[in-house]
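Visitor: One letter stands for each residue in the lines below.
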Amino acid sequence: MNLRAETMEHIDATIPRYPHKRSAVMPLLHAVQRDQGYISNEAIAWVAGKLGLEPVNVYEVVTFYPFFRQAPIGRRHIRLCRTLSCALCGGFGIAEVLEEAFECRMGETAPDGSATLEWAECLASCDKGPVLMLDDDLHENLTEEGVRELARTIRAENAEGSDSSMTGNNS
Amino acid sequence: MATITIDGQSYEADPSANLLQAALTLGFDLPYFCWHPALGSVGACRQCAVRQYRDEEDTTGQIVMACMVPVADGLRCSIVEPEAAEFRAEVIEWLMSNHPHDCPVCDEGGECHLQDMTVMTGHCKRRFRFPKRTFRNQYLGPFINHEMNRCIQCYRCVRFYGDYAGGSDLVAMAAHNHVYFGRHEEGILENEFSGNLVEICPTGVFTDKTLKHHYSRKWDMVSSPSVCSHCAVGCNTIASTRYGSVRRILNRYHHDINGYFLCDRGRFGYTFTDAADRLRRPLLHPDRERDVETVAEPAEAMKRIREIFSEATGVAGIGSPRASLESNYALRNLVGSGRFSSGLPRIEHDATTALLEAMRNAPDGPGSLRDAERADAVLILGEDPNNTAPRLALALRQSVRNEPIRADAGSRIPRWHDRAIRDFVQDRKGPLFIAWPASTRLDDLAAGTHRAAPDEIARLGFAVAHAIDPQSPAVTDLDDSASDLASRIARALKEADRPMVVSGTALRSPAIIAAAAATVHALRRTGSGGSSFLAVAPEANTIGDAMLEGAPLETLEQQLESGEVDTLVILENDIYRRLPAPATDRIISKARRIIALDSIATATTNRADVVLPAGSFAESDGTFVNHEGRAQRFFQPLPPAGDVLEAWRWIGRIAAETGTSKQNEWDRLDRVLTALARDCPELAPARDAAPDAAFRANGQRFPRAPRRFSGRTSILSHLSVHEPKPPEDSDSPLSFTMEGHSGQPPAALVSHYWSPGWNSSQALNKFQSEVAGPARGGDPGARLIPGNGPNERPSTAIPAPVPDDDQTLLAVPCYEVFGSDELSARAPAVAERIPKPYVALAPTDAEHHGLDSGDSLNLLIGELRVSAPVRLDPKLPPGLCGIPAGMPGWSVPHLPARASVVT
Amino acid sequence: MAISEQRVILKHVDEPGYDPGIECYVRHGGYETLRKAVGMQPEEICRGVEVSEVRGRGGAGFPAGMKWKFLDRKSGKPIYLICNADESEPGTFKDRQIMHKDPHQLIEGMMVSAFAIQAALAFIYIREEMPQAARILEAAIDEARARGFVGEDILGSGYSCEIVVHRGAAAYICGEETGLIESLEGKRAYPRIKPPYFPAALGLYQCPTIVNNVETLCHVKHVVAIGGEAFARTGSPGNTGTRIWCVSGHVQRPGYYEFECGALTLGEMIHDVCGGVHPGRSLKAVIPGGSSAKILRADERFTGKLKDGTEFDWGLNDIPLDFDSLMACGSMSGSGGIIVMDDRVDMVEALANINAFYSHESCGQCTPCREGSLWMKKITKRMAEGGARTEDTDLLLSIGDQIAGRTICAFGEACAWPTQSFVSKFRDEFLAKASEDSGKRKGLRLV
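Protein chains in written order, with the numbering used here: chain Z, 872 to 1042; chain D, 23 to 925; chain L, 13 to 459.
None of these hints come from the bench; they were simulated from the model. Treat the numbers as computed from the prediction; the structure is a model and nothing was measured. Backbone N, C-alpha and C define an ideal beta-carbon position, used for all residues, glycine too. All clues given are correct.
Sample of chain D residues at the chain Z side, in silico, Cβ under 7 angstroms:
id	residue
1	190
2	195
3	197
4	206
What follows is a list of derived Cβ distance ranges for each label pair:
id	chain 1	residue 1	chain 2	residue 2	range
5	D	828	Z	890	47 to 53 angstroms
6	D	854	L	112	58 to 64 angstroms
7	L	321	D	37	40 to 46 angstroms
8	D	239	L	406	38 to 44 angstroms
9	L	410	D	80	23 to 29 angstroms
10	L	150	D	503	41 to 47 angstroms
11	L	150	D	131	53 to 59 angstroms
12	L	90	D	824	45 to 51 angstroms
13	D	80	L	52	42 to 48 angstroms
Think about it this way: if two alpha-carbon atoms lie no more than 30 angstroms apart in a straight line, the pair counts; the simulated BS3-like pairs of lysine-lysine are:
id	chain 1	residue 1	chain 2	residue 2
14	D	451	L	86
15	Z	892	L	89
16	D	231	D	858
17	L	452	D	154
18	Z	892	L	199
19	L	86	Z	892
20	D	451	Z	892
21	Z	921	D	451
22	L	390	D	147
23	D	147	L	452
24	L	317	L	437
25	Z	921	L	89
26	D	154	L	454
27	L	437	L	452
28	D	147	L	437
29	L	89	D	451
30	L	81	L	48
31	L	390	L	437
32	D	897	D	858
33	D	516	L	89
Looking at chain Z on its own, in the form it has when it is part of the complex:
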């Protein structure tokens, strides 16, 4: 496995924090996914070896939890809340805007690879709906114009191959 040094360091620090090694399955998968963008079969075998498990024990965990993915996604990960409070505040309208802006359906990756659109279940910020997560960052009180602007920025950055990431809360 070709993991970054800090990922390896993080993994080695994480395992001994648990009384039983098996508990470190999810933290390790998180670390690997963050490092590589997704969890490959090689990574599954590697994590299993690291924790003294059979690869299937890791595989059954990877496939159970929706957040773990087994294929690469777009450059940015956009997760729009689908659940009731956000929907009541126009979440599905935002979805249409996103689909139009990225030229792909929810659940797909934009043709330019700039982002993958996904639905998320309740992001626990219901008073500021609609909300979405752009990678690790929450964007609240979304408006259609705001989302169009966000999409433009993401696509422009992607075209430039720029590395600057969007952070903060644009609410």
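Starting from the known structure of chain Z, arrange chains D and L on it as the hints suggest.
Guide: Leaving out everything else, chains D and L in the frame of chain Z:
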């Protein structure tokens, strides 16, 4: 017993059971899926709902899952209560919502638990108006077919495969409505018990791929009770046939032996009966040295045999551990006990004799698989059960949970609560120690392993005996690690309630067996109750053959040498698999004439003057004596066709033809058994292994064909439109048709599991005295070896330490579940799983000889040259090399032996 | 705002200048309660929590003191404390505020609780969708450790306990405490069967384990600070302390509001605190305790008897916001997530939205919710989109009725209650949708 009330009636029930088990035992039809008598309860399917009431006053009660309710005095419940019944039907409706309803093209159709339960709950009207969920199927190897769309997510498959059988390549994946049961990628299911998925799966997700190649419905197959012929465990099976060939093997429950499960060798090895190299006609070889053979009529063959006998100066018989007791005995009777050989070379013969001696001397007699499953400390001395007695390995796998559960008796979790028990036990394992030269597939359970040469394994065993009881002689010059391990093993065995020592002939070492016996006796002397000795033998009738006390093959060679004997009758034995080819060639060439009887063509039958086609298990009635000395009868599912006859019947005809004996004594199985009982008192109980041919119920025979058998009048219509007379059976109380007694036969005669409303093999519940208990009327078979009490002292010859030897390697036999057994290796599906020939080598030795994994290694073992690729086994101690035994076309017999590397 | 909040847990949250750093927390008196706690006998703290009658804020409202009392202390096995920060019930966002804005309050609450139950190790199981909160907590734990509030020999008491932050991976079922434990053990989050699995006896690694919600653990700190008896006098009898209510949906001022239990009614919350529905709109229905709670109609009358025997006859606006009153009205306060719907809302669409959530989150272990939740989702979706049949309304209800109470864990109820209540309370709307012609509808807002 507890008194419980079901629908207003009171019943006695076992308080260690759950309500579902109790209700089924009492004969109620309560549907279920995720529960399995051997796997316990997990409460996942919610199918067995009943209404439970607190007391007599309580009229509302609540819906509970019967599999999750412990039986207790005063328990009140209703099965028929409408809301509970409605809920059970609703569960079926849910499960059926995505089920493809493809019963007409499903192999499970007609014996499907899901069909049965659907009918039982009364669900019949579809309200789900949506497209069904679909999955992609996987290729899972030659044994199992996968059809995921039929899945109802009961989780039984993964619970059996992973939790019970220790397999690691079948899991539940994904979540919610898309849970998928399979491998993480396509490929062969690795575990050697995968075939049980066929019976574990309540519907048609996992089906028998070998059956698929020649499919027939359950109700169209003629079946008989049989006994597996692929190792000495003697698992009880049901062999089913149609159009004159065996179509599949199913498990036949035996409480003390196989319970609910078979190994894949036993389940899928049956197609050797239909292989191209089956012998079906008598053959003559006018010139043994040349490969010319002519097919002969039986009368012609008999005439030739009469000539041979009349010209012979002396006739000797070579028996076989894979031939029935009756056939071996008939042969011994034909040639006389002084000229009867067990068919084993001295090296195997001596080990087998030692094993039989240890079994006779075992305080409580030899242990059973059920004893193994209940043991709470186990020492395996010189055996590799996964490969030599696979079903035993499955039993031992269960045993390691006993000690942790016993140690935490305070938790009071009932044994049937599988989810709770497994989570409770977690990774803790009771003591299981393995002494074997190489790694084994039970190593993941082992508390300690000792990987060493056979003599060192024996020395460890004697050291354990000494550590338990100082009266047992001490072992000198034992190294520290072995000595520590011996004390750990001794402590674990002494502390156990049910200690067990497993040993056998795999390493052909009488010393190992003596050490195992010494350990058992030491335990008994120091007051450990229930100490048990479990004997492992290689072939279906190794023990029965040994009990006839024939001589080793080498004795026969001397008799040929001296001229006392010039003619051989070889019974179902390929002696090229027993001795190195040069030695076998010497025996063959010294014999002026050879008569061979076998069901398959072998290197030995190819060199016989006359070959007679003997029945396999599928065309024969007979008795095998299993590893615990239990005589078990198998019955032919197929009427003998063509010229094939049971070997004992051929031998009877030879006796009559040559005037050696009166024919009428030998034409019926019961007469052979009567003569056997007269000649060999120890074997006399074998007669009672099953009811005799005259046994009837209400004057009726027991049908081999199910009552719904179809095509009886048309099955042969391409040959003749006249329905032929059904075949007669003079050897058993079974009939070949569907006519006869419609009730349950005695357990030894059960040909199919069926009960009204229960078309799947789960109808078995109705054939047991209680669910998961003994068969109604007792389990079949007759124990021949009762045990000898605590007094007998076993032999105590402790071998010397194995000296260092830089020049040679010690070649030891190792075993393959698929490959080491002669018969199953001829079944195409099993053949696909046989590994390529190899020699296992320790990495240090490989390096020493400049070899890497896969490189070709040439060895000289005695006069035999062996060449095979190297397989590195880091667990193998330096100085040893492992050679797989009995591989088809690549047999290296007569190990252990010194081997030198040839460059 | 006509009624002013009674903030205890959120006292400093949103105060100008208040930050999540430890300096700020300590300046505001932080960790004094922990100092007090480690000077007490652990049993004394447990007794205080019991006397306080503080109830779990995660959803079920089980008294925390009683849960602690079930703890098997004789087993000799290590005891674990788990903070359930898998805040996933739709409509709930209170724990997020605490973790983002006042993480040390949670850590102090946890350490007080850990000391009280003599935990060997504590975990925070936080949902994957809150990565920043996880980072904030990790940083806060490091700060607290540096000052001796967490880790070895806490405040010189001789007691040691670490906190491990463990991130989930987007599975709602991990909010169920035994599912959470399985997940923390590194397995698929299949809830365990009770009995025998009461975590207090057989929890994480089969050791005695206490699982409490974020807000509950913060309350423990306040119980110890003011004493159990004093705490019991706040709120209303049997419904002690404050609660954080999360209001979302069609109100003018959605947000989180902390009040003593029973201090105000649902009507006051919606109309006075949150400013009511938007101008020109009227209130149609309210889900009072997260999306699994049974829905309440705006024009419904609720009658019956409370636990203490008093009879009540309330309109929606009259229901006191506490545990027992909402339960008496056939719903629950659950996780405190109040979702308000005005007259624009199509109830079929709303239920379809909720059902999509639960069918996606069913773990797949037992039949009723695995198969039933998906079926309910499919039916409601089709009702919303067009193509349903009249009998589908009763079919929905019959599926829901068969699920509730018959599953391994409480998810069965969670996924059945919305269907049961929506269909029975808005039956006409469902029948109308189901019997309309089957042409594909456009312009759906919630599915």
